[in-house]
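Chemist: Chains as they are written, first to last, in the numbering used here: chain R, 1 to 158; chain B, 1 to 158.
Since the hints were derived computationally from the structure, they do not count as laboratory data. Check the hints yourself; a few may be wrong.
Said to hold, decoys possible - Calculated cross-link-like contacts (lysine-lysine; reagent style BS3-like; alpha-carbon spacing at most 30 angstroms):
| # | chain 1 | residue 1 | chain 2 | residue 2 |
| --- | --- | --- | --- | --- |
| 1 | B | Lys132 | R | Lys61 |
| 2 | B | Lys120 | B | Lys132 |
| 3 | R | Lys51 | B | Lys51 |
| 4 | B | Lys51 | R | Lys37 |
| 5 | B | Lys61 | R | Lys61 |
| 6 | B | Lys61 | R | Lys51 |
| 7 | B | Lys132 | B | Lys37 |
| 8 | B | Lys61 | B | Lys138 |
| 9 | R | Lys51 | B | Lys37 |
| 10 | R | Lys37 | B | Lys61 |
Owing to the predicted nature of the structure, the values given are computational and were not obtained by experimental measurement.
Protein chains: 2
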Amino acid sequence: MPLIMGIDPGLAHAGWGIVSHDGQRGRHVAHGVLNTKSNQPSSLRLQSLFKGLCSVLEEYKPESVAIETLYFAKNISSALPVAQARGVLLLAAAESGIPAFEYTPLQIKQAVVGNGRADKNQVQMMVALLLKLPESPKPDHAADALAAAICHAHTGER
Amino acid sequence: MPLIMGIDPGLAHAGWGIVSHDGQRGRHVAHGVLNTKSNQPSSLRLQSLFKGLCSVLEEYKPESVAIETLYFAKNISSALPVAQARGVLLLAAAESGIPAFEYTPLQIKQAVVGNGRADKNQVQMMVALLLKLPESPKPDHAADALAAAICHAHTGER
Chain R
1 MPLIMGIDPG LAHAGWGIVS HDGQRGRHVA HGVLNTKSNQ PSSLRLQSLF KGLCSVLEEY
61 KPESVAIETL YFAKNISSAL PVAQARGVLL LAAAESGIPA FEYTPLQIKQ AVVGNGRADK
121 NQVQMMVALL LKLPESPKPD HAADALAAAI CHAHTGER
Chain B
1 MPLIMGIDPG LAHAGWGIVS HDGQRGRHVA HGVLNTKSNQ PSSLRLQSLF KGLCSVLEEY
61 KPESVAIETL YFAKNISSAL PVAQARGVLL LAAAESGIPA FEYTPLQIKQ AVVGNGRADK
121 NQVQMMVALL LKLPESPKPD HAADALAAAI CHAHTGER
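Model the full structure from these sequences, guided by the hints.
Modeler: As structure tokens, then:
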């Protein structure tokens, strides 16, 4: 069955999750988090994320990538480093020849919980339920990445 | 003489400029702009910027890269795509093995004009004067990139 990789973008922690789908439902394949150290120069942190994601893409060869868009109502100075990280994660997909599809947090919540205003806990519980996992995947970044993959499986072009 | 590349980050237009320096003054070597088309998916625009900058870095092999930090008091939705682009430009430096140094717009204006509150025209005139060019380099993105390189030549660790 074809695979979808979901990504929860971040600089210190970027979550990824792989789901297989048969057009109707998703099955959990793998998940994880790429971590970078805040004492490194930003160019090296971005490089570490890029190489890390390229490795996972190379290992699982998903047919598509689903990545959450950024939503920052508040603090722009915290948004910029995350956006830079998101840029290299999108690049990793492009360099791996895999199309990337972007979903807003609202679209993801709507697809996973059926309610665009759902809270984080509800999303994580539904991820476990839909993927038939005994508990919510940890850490939260990986669960959010799986939610993006489920959203693409349910709603996306593939 | 060792070379410094300055970068003015952007998604639609990213300026670059190369300056050689002998520790005291800079000499103009080359400048240009990488352009991407707004009708392409963002992952492909980021890939085009990445590959473009990697080519220029490969051609000139600068010993360091100086890149302007982003300053957005106003519209965050316009800041995020530029930050994503800046992420892949930083990555291009890292993947080329070249250290990247980051300067605020204020630091660059201070270094080039001697006044952190200088306007864009003053910066561009001083770039032409300092690099002994007959007129300001065009387009403006390239002049801003040269200003970042001059700033690093004057003030940076190398």
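Chemist: Are the Cα atoms of Lys51/R and Lys51/B separated by 30 angstroms or less?
Modeler: holds (16 angstroms)
Chemist: Holds or violated: are the alpha carbons of Lys120/B and Lys132/B at most 30 angstroms from each other?
Modeler: holds (18 angstroms)
Chemist: Between Lys132/B and Lys37/B, does the CA-CA distance stay at or below 30 angstroms?
Modeler: violated (33 angstroms)
Chemist: With a cut-off of 30 angstroms on the C-alpha distance, tell me whether Lys132/B and Lys61/R pass.
Modeler: Answer violated: Lys132/B to Lys61/R is near 52 angstroms, above 30 angstroms.
Chemist: Does Lys61/B pair with Lys51/R here, judged by a C-alpha cut-off of 30 angstroms?
Modeler: holds (22 angstroms)
Chemist: Holds or violated: are the alpha carbons of Lys61/B and Lys138/B at most 30 angstroms from each other?
Modeler: OK: Lys61/B and Lys138/B at ~23 angstroms, within 30 angstroms.
Chemist: Is it true that the CA of Lys61/B sits at most 30 angstroms from the CA of Lys61/R?
Modeler: Not satisfied, since the Cα-Cα distance of roughly 33 angstroms exceeds 30 angstroms.
Chemist: Hint check: Lys37/R vs Lys61/B, CA-CA at most 30 angstroms. Holds or violated?
Modeler: holds (28 angstroms)
Chemist: Does Lys51/R pair with Lys37/B here, judged by a C-alpha cut-off of 30 angstroms?
Modeler: Between Lys51/R and Lys37/B the Cα gap is close to 26 angstroms, so the pair holds against 30 angstroms.
Chemist: Run the distance test for Lys51/B versus Lys37/R: straight-line Cα separation, threshold 30 angstroms.
Modeler: holds (26 angstroms)
Violated hints, in rising order: 1, 5, 7; the structure is consistent with all others.
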